[in-house]
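Trainee: Listed below are the residues making up each chain.
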Amino acid sequence: MASQAQAQALPAQTGWKWWTNLPLARRRTITGYIFISPFMLGVLFWVVIPVLVNLYLTFHSWNLMSPPRFVGLANIETLFKDPILPYALKATFLYTVMSVPLGLALGFFLANLINTNIRGIAVFRTVFYLPSIVPAVANALLWAWMFNTEFGLINSFIRALGGSKIAWLQDPAWAMPAFVILSLWGSGASMIIFLAGLQGIPDIYYEAAEIDGAGRWAKMRHITLPMMSPIFFFNLVIGFINSFQVFVIGYLITDGGPQNSTLFLVLYIYRSAFQNLKMGYAAALSWLLFGILLVLSLIIFRYLGKRVYYENPGE
Amino acid sequence: MAVIEQSINDLNNGGVDMELRETRRHMNRSDRAWRYFTIALLILMAFIMLMPFIWLVTSSLKSQVQIFQYPPEWIPNPVRFENYTNALTYKPFGLYLRNTMIIVTLNVIAVVFTSSFVAYGFARMRFWGRDFWFGVVIATLFLPYAIMIVPQFIMFSRLGWVDTFLPLTVPYFFGGGAFNIFLMRQFFRTIPEELADAARIDGCTEFGIYWRIMMPLSRPALITIGIFTFLSSWNDLLGPIIYLRSPENFTVAAGLASFRSIQDVSWDLQLAASTAMIVPVILLFFFAQRYFVKGIVMTGLKG
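Note that the protein sequences, when read in sequence, are chains A and B. 54 is the number that my numbering gives to position 54 of the first sequence; each next residue is one higher, with no gaps. For my numbering, count along the second sequence from 1 and bump the result up by 315.
Extracted from the complex, chain A is given alone in its bound form (with noise of 0.2 Å):
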């Protein structure tokens, strides 16, 4: 609107006098929220509003099909009720904890194997990276595939090394461990990550290291491990908000099962929300997911935050 008007007003140099009259300094602010104004929109659209009917479905009962009733703390009870719910956060919290911690490492090992000046090296680093952009859909039915107990390749090796075969994706125990591995498939993003932290390191630092006669595993232990511990921490967060909202490989793979060992949260709440159509449950627990994901941020920010290395401290 605002440049319409300016386009129609600026040759006749008529009617914008009310717009060189204003001080700068309000000129400035009316310009910046101009500026900034889809974005505040897009909060109030995407984020308040949703919150808010959020927390009006919390308290209302509603399959979509009836008027939505009142029902006050009942979906909050029924949290604890529900027999459901603690397979969801266990399904969570294993796959959480086995596919970051794994992925760090993962990620880690390989950046430290592709920071090496060997001819061809940018064949290898696309090789470990083009697994984390393969579609999650085509994703998942690779995988389905590869754990296919019978005819899939993962098997086929196991039992070419003389063990015997398992039931990857129809044992409630070896679901989660199948997952996994295929989490750690996509570790190449995080490789990237890391790699950029390692040739950020200065060389004098390993130059001084060596003169002091530091070896190959000092100098890991004393330069790079320690300098490259805001990257650990923002690949940590990053790993672990995204694994905390895991949802197609579930979804597509194994449906949940066996047994909800795979029924993620966010799973669950789709479930609960398109085919249970328990709205006011879906809320709740969407509620759940997110105090979780806070309590746990808060930790992690509280108790690891202050232990990474900062060379420029408030840079």
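Simulated from the structure, these hints should not be mistaken for lab results. Incorrect hints may appear among the rest.
Pairs of lysine to any residue, SDA-like flavour, derived with a Cα cap of 20 Å [unchecked claim]: (1) 219/A <-> 517/B; (2) 219/A <-> 343/B; (3) 219/A <-> 575/B; (4) 219/A <-> 345/B; (5) 17/A <-> 517/B; (6) 219/A <-> 344/B; (7) 406/B <-> 575/B; (8) 17/A <-> 519/B.
Based on these hints, arrange chain B on the given structure of chain A.
Mentor: This is chain B only, laid out in the frame that chain A set:
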């Protein structure tokens, strides 16, 4: 965060393209042994990481009979390219591709233009309340998308938008996500203010500076956020399965996912269709590699 920013700067200076540091000094015997060890590990890891891809492609070219064979064979015999035509006609993938491209194109346009527009305000304007609103940007970065699933569905169904592309596109036109705003702001701040001052003296408005000076200078960053928007829209499953009801509105991801729920669709077709969905992403990667590396380091992206 400081270290991340440092890494971004290194990248912009060509750091991670890793035209590798020169060997600093002569290698002794232990160094050489270590080097061979590293190369061996590299090859082993590359082998492991490639295995699923190779297995996917060879399986997708096998006949039904050969797919269900133990021990498995790597080489398809006969090679059945028909699997691809069968898979892509089993469901109307042409239509799905069209739907996906409409959604993806709108989202890329939305993100490129609105996130840069908003970011200009945060990067270059001084006004009362700016830092507060930038705090809001950062706060929404940490907001889990999962808590918006149910209430947004309620909103969109009230608006009558269910089973249209609107819920999957319209939200992108409001700043294009906190991540992209943050990223563009960081990029704009690296462009010298003198350029803008010169334009101001010549009577250019702030909108003119944004459009005529900042946008042309920001092409690498704009391409980066465009690529990552393309990827996330192309890969998205949750949005389409919630909002798209009639099969003729499905996206490629939703169409491929629907293979899973039909018991009688055989593996050869599922795998052929999966391969077909991966190919555009890999092509995009090869044509725009350097933007990818920048993007991941700047955003810490998600798989």
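Trainee: Confirm or reject each hint.
Mentor: Now the hints, each set against the structure:
no.	hint	result
1	219/A <-> 517/B	violated, 56 Å
2	219/A <-> 343/B	holds, 17 Å
3	219/A <-> 575/B	violated, 50 Å
4	219/A <-> 345/B	holds, 15 Å
5	17/A <-> 517/B	holds, 19 Å
6	219/A <-> 344/B	holds, 19 Å
7	406/B <-> 575/B	holds, 13 Å
8	17/A <-> 519/B	holds, 17 Å
Checked against the numbered hints given earlier, this structure breaks hints 1 and 3; the rest are met.
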